[in-house]
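K.L.:
Protein chains in written order, with the working numbering: chain A, 1 to 253; chain B, 1 to 355.
Because the hints were derived from the structure by calculation, they are not lab data.
Please read all numbers here as calculations on a predicted model, not as lab measurements.
Certain hints may be false.
Claimed, not checked - To give an idea of the interface, some chain B residues facing chain A are shown, with a C-beta separation under 8 Å as derived from the structure:
no., residue
1, R12
2, Y15
3, E16
4, A19
5, Y202
6, V207
7, D211
8, N212
9, A218
10, M219
11, M221
12, L300
13, E333
Glycine included, each C-beta is placed from N, C-alpha and C at the ideal position.
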Amino acid sequence: MAQLAVENVTLTFGGVAALSGVSLAVERGELVSIIGPNGAGKTSLLNVISGFYHPKQGRILFEGEEITHLSPHAITQRGIARAFQNIELFSGLTVLENLMLARHTHLRYGLLQAGLFYGRALAEEVRNRRLVEEVIDFMELEPYRKALVGNLPYGVRKRVEVARALALSPKLLLLDEPMAGMTLEEKEDMVRFILEIRARGTTVILIEHDLGVVMDISDRVYVLDFGQVIAEGRPEEVAKNPRVQEAYMGVEA
Amino acid sequence: MRNPWAQTGNYRTRYEQDASIFATHRELVSLLLFLGFLLVLPQFLSRTQVFILDLILVYSIAVLGLNITTGYAGLINIGQAAFMGVGAYTAALLAPAGLPFYLVLPAAGLTGAFFGYLVGIPSLRVKHLYLAMATLAFQVVFEWTVGHLPLLNQGGAMPLPRVSLLGYEVGFRNHYHFWYYVSFAVLVLLALFFRNLLRTKYGRALVAVRDNDRAADAMGMDPGRTKLFAFALGAFYAGVAGALYAYLSRAVVIEDYTFAVSIKLLAMAIVGGLGTLVGSFLGPAFLELLDVNMEALSNLIKALGFSVAGVDVASALRPLAFGLVIVLFLVFEPRGLYNWWRVVRSYFRTWPFRY
Numbered sequence: 001m002a003q004l005a006v007e008n009v010t011l012t013f014g015g016v017a018a019l020s021g022v023s024l025a026v027e028r029g030e031l032v033s034i035i036g037p038n039g040a041g042k043t044s045l046l047n048v049i050s051g052f053y054h055p056k057q058g059r060i061l062f063e064g065e066e067i068t069h070l071s072p073h074a075i076t077q078r079g080i081a082r083a084f085q086n087i088e089l090f091s092g093l094t095v096l097e098n099l100m101l102a103r104h105t106h107l108r109y110g111l112l113q114a115g116l117f118y119g120r121a122l123a124e125e126v127r128n129r130r131l132v133e134e135v136i137d138f139m140e141l142e143p144y145r146k147a148l149v150g151n152l153p154y155g156v157r158k159r160v161e162v163a164r165a166l167a168l169s170p171k172l173l174l175l176d177e178p179m180a181g182m183t184l185e186e187k188e189d190m191v192r193f194i195l196e197i198r199a200r201g202t203t204v205i206l207i208e209h210d211l212g213v214v215m216d217i218s219d220r221v222y223v224l225d226f227g228q229v230i231a232e233g234r235p236e237e238v239a240k241n242p243r244v245q246e247a248y249m250g251v252e253a
Numbered sequence: 001m002r003n004p005w006a007q008t009g010n011y012r013t014r015y016e017q018d019a020s021i022f023a024t025h026r027e028l029v030s031l032l033l034f035l036g037f038l039l040v041l042p043q044f045l046s047r048t049q050v051f052i053l054d055l056i057l058v059y060s061i062a063v064l065g066l067n068i069t070t071g072y073a074g075l076i077n078i079g080q081a082a083f084m085g086v087g088a089y090t091a092a093l094l095a096p097a098g099l100p101f102y103l104v105l106p107a108a109g110l111t112g113a114f115f116g117y118l119v120g121i122p123s124l125r126v127k128h129l130y131l132a133m134a135t136l137a138f139q140v141v142f143e144w145t146v147g148h149l150p151l152l153n154q155g156g157a158m159p160l161p162r163v164s165l166l167g168y169e170v171g172f173r174n175h176y177h178f179w180y181y182v183s184f185a186v187l188v189l190l191a192l193f194f195r196n197l198l199r200t201k202y203g204r205a206l207v208a209v210r211d212n213d214r215a216a217d218a219m220g221m222d223p224g225r226t227k228l229f230a231f232a233l234g235a236f237y238a239g240v241a242g243a244l245y246a247y248l249s250r251a252v253v254i255e256d257y258t259f260a261v262s263i264k265l266l267a268m269a270i271v272g273g274l275g276t277l278v279g280s281f282l283g284p285a286f287l288e289l290l291d292v293n294m295e296a297l298s299n300l301i302k303a304l305g306f307s308v309a310g311v312d313v314a315s316a317l318r319p320l321a322f323g324l325v326i327v328l329f330l331v332f333e334p335r336g337l338y339n340w341w342r343v344v345r346s347y348f349r350t351w352p353f354r355y
């Protein structure tokens, strides 16, 4: 059974259909990319999966449980993490605090214990700090640990965004254009991180415009156009698909 | 082993140490020395001078609460005085029934928190100015309700009984000194409580919903619950402050908890530095001392018999100075007095070295 199953999902805004009858299935440990022209509905699809939008029709199953109408935090608690396309970090907090926020639901102590900083509070903070430090280490963010996120350059903030999603210890990671606007070097780093995340057993759904990257690293690719899946398959199959070529390069005269 | 007293930087090697509040021994000791100074200070002051300090302490508690809701969680609250009033009237009802003040204070806080929770409910839907309107509505409803309730003497004075602690009777002579020490202890406890919260998930969650509640949602926390928590906690502090204010002024009257007081609290928070702990003490201290000095100055002017075309210059001086200070701070130092404090502190952190 697929880890994530999106079944026949339709999402409309007023009369405009952002998604119409989209289905996809992602197996545990896969790296699946979603591509398509601007406005094809890629980000809408991620928003539906992560609970920011609720579809008009269809349903979404994660590990056999229906999550279609759950709120974003309930979906996050079930193991789906998301890195946003337009960086949505907490700019008034440090990198460390941003990542510690991802551990929010894992920190088990009460208000009184926190206010008196007694009992489990310190031990829990330290235990989760260790996990966060592993992510910092992994994403090579050591120099920025105590820097305010708002003051960091764009490329680093993108990396913090992915790191924060990783700090949630997700089973499924949704990455929305993690490489947009990056330099070639930063892109190569990011690809390395994504491959490493996948190698550690986390399922990854990636939205990306750089087709070179997508074709190189994906197990399977879904192509969206005008809110519909127009092709699905291994990268080399998708690249040959005439409908995909049409969507990307237009109809031949 | 390096000498911890000569420490000018960060020697931390374990995560446990990194969770501590004070960077160096010197910071901790200078705070303790300052607290010790505040403990002996009233012994050298007259009753009226101690009364000013009492006001600063009580307002600091209310401003601290306001900073939690508005400064840290970013939820504009222009009804903080009404939450103080809720605490004050709780005290006015419970204290005559014979409840000792050390139980009245937490009870007033909890009543405040309950109303804070209720008023916070619109924050689940509306933001910014619209939320400010909701808190303003609470302020208006509070004043109207008190003004019409016979139970609360329709806003007229409700006296509070004299208190005693372990056989120590508080009378006319030691009244202000007694409440100085009570307010001081309460402020230190509540400030420490919040400072601790700031290094745990509760404090981080407040800032998270302020900076980006969409992302907070994606972190697995319920932003709505966090906002209600921010309102309840901020109103708890206001409730405690209101009860202290009631004891301090020996009676509860509606005039002490009006909209103008809410604005004054907000001004204190801004002058101190919105969203900072230290600013919660600097703001009230600065504005209260300014007020006292302006009063002295206007009395001096009155004594000189100076007036322009029949206008009473002296009595205009206090509101004028209040307004001017706020405008000057908003223009020249929007980060408040806290920013000056930050500069001084970072200088002394590495002293005697430059960096």
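K.L.:
Does each hint hold? Answer for all of them.
P.N.:
Consistency of the hints with the structure:
Interface hint at R12 (chain B): violated, since its Cβ lies 11 Å from the closest Cβ of chain A, which is beyond the 8 Å cut-off. A hinted interface residue such as Y15 (chain B) counts as satisfied when its beta carbon comes closer than 8 Å to some beta carbon of chain A; here the least separation is about 5 Å, so the hint holds. A hinted interface residue such as E16 (chain B) counts as satisfied when its beta carbon comes closer than 8 Å to some beta carbon of chain A; here the least separation is about 6 Å, so the hint holds. Annotation: interface hint on A19 (chain B) holds; nearest CB of chain A at approximately 6 Å, less than 8 Å.
For Y202 (chain B), the suggested interface contact is upheld, since its CB lies about 5 Å from the closest CB of chain A, less than 8 Å. Below 8 Å, beta-carbon pairs count as interface contacts, and V207 (chain B) has one with chain A at about 6 Å; its hint therefore holds. This hint holds: D211 (chain B) has a C-beta 4 Å from the nearest C-beta of chain A, less than the 8 Å allowed. The closest approach between the C-beta of N212 (chain B) and any C-beta of chain A is roughly 5 Å, which is under the 8 Å cut-off, so the hint is satisfied.
For A218 (chain B), the interface hint holds, since its Cβ comes within 8 Å of a Cβ in chain A; the closest pair sits about 5 Å apart. With 8 Å as the threshold, the beta carbon of M219 (chain B) comes within range of chain A, its nearest partner Cβ sitting at about 5 Å, so the hint holds. Look at M221 (chain B): its Cβ gets to within about 5 Å of chain A, closer than 8 Å, so that hint holds up. The beta carbon of L300 (chain B) is not positioned within 8 Å of any beta carbon in chain A (closest approach about 44 Å), and the interface hint is therefore violated.
Taking 8 Å as the C-beta contact cut-off toward chain A, the hint placing E333 (chain B) at the interface is violated, the least distance being around 18 Å.
This entry does not satisfy hints 1, 12, 13, going by the numbered hints stated previously.
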